[in-house]
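The opening position of the sequence shown corresponds to residue -17 in this note's numbering, with each subsequent residue numbered one higher.
A portion of the hints provided could be inaccurate.
With a straight-line cut-off of 20 Å between C-alpha atoms, the simulated SDA-like cross-links for lysine to any residue are [stated by the list, open to error]:
#1 Lys24 to Phe6
#2 Lys56 to Lys24
#3 Lys56 to Pro76
#4 Lys56 to Asp(-12)
#5 Lys56 to Arg(-6)
#6 Lys56 to Ala72
#7 Lys56 to Asn74
#8 Lys56 to Asp37
#9 Lys56 to Ala(-13)
#10 Lys56 to Val3
#11 Lys56 to Gln(-7)
Don't read these hints as lab results, they were simulated from the structure.
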Amino acid sequence: MNSAADLSPEQRHAALFAQMVMQFTSTGLVFLGRAPNPVTGKTETDLDMAQMVVDQLEMLEARTRGNLSADEQKLLRQSLTTLRMAFVEAVNQPPAKPGEAPAPETPASSDSPAGGEESRKKFSKRYGQG
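Sequences are here, hints too, so could you generate the full structure?
Shown next, in the form of structure tokens:
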């Protein structure tokens, strides 16, 4: 593995940029309850702090537009997409009791009579009940 002294300034900057984006992403996932807090070991959700992380990455994307390599841009966009999707899921999830990990999603049973597709529907409309 190359040491920092063996890298060109551009390679070092690219590595530091990737590391920073990954740190922001990891922090955001902790705030979204997707990873345990490294200090407490508990899984907690703090949507305000998660939103701040997303906002910071969006600012970074805007301020570096046109100055990133294709790989750096891809990493930043993928990180933002991951955090945004996790944020939406966290907002739509019922609040867990403090200190309680969110319930894992259970896969659909293959022997269900409705089939796998129907069992994954979250919403359905019904008309004319009565």
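Hints versus structure:
1. Lys24 to Phe6: Within the cut-off at roughly 19 Å; holds.
2. Lys56 to Lys24: Answer violated: Lys56 to Lys24 is near 31 Å, above 20 Å.
3. Lys56 to Pro76: With a Cα-Cα distance of about 32 Å, the restraint between Lys56 and Pro76 is violated, given a limit of 20 Å.
4. Lys56 to Asp(-12): violated, 25 Å
5. Lys56 to Arg(-6): holds, 18 Å
6. Lys56 to Ala72: Violated, because 24 Å separates the two Cα atoms, which is more than 20 Å.
7. Lys56 to Asn74: Violated - the C-alpha atoms of Asn74 and Lys56 are around 27 Å apart, more than 20 Å.
8. Lys56 to Asp37: Measuring from Cα to Cα gives roughly 17 Å; hence the hint holds.
9. Lys56 to Ala(-13): Outside the cut-off at roughly 26 Å; violated.
10. Lys56 to Val3: Distance ~11 Å between Lys56 and Val3 Cα, so the pair holds.
11. Lys56 to Gln(-7): It holds: about 17 Å lies between the C-alpha atoms, which stays within 20 Å.
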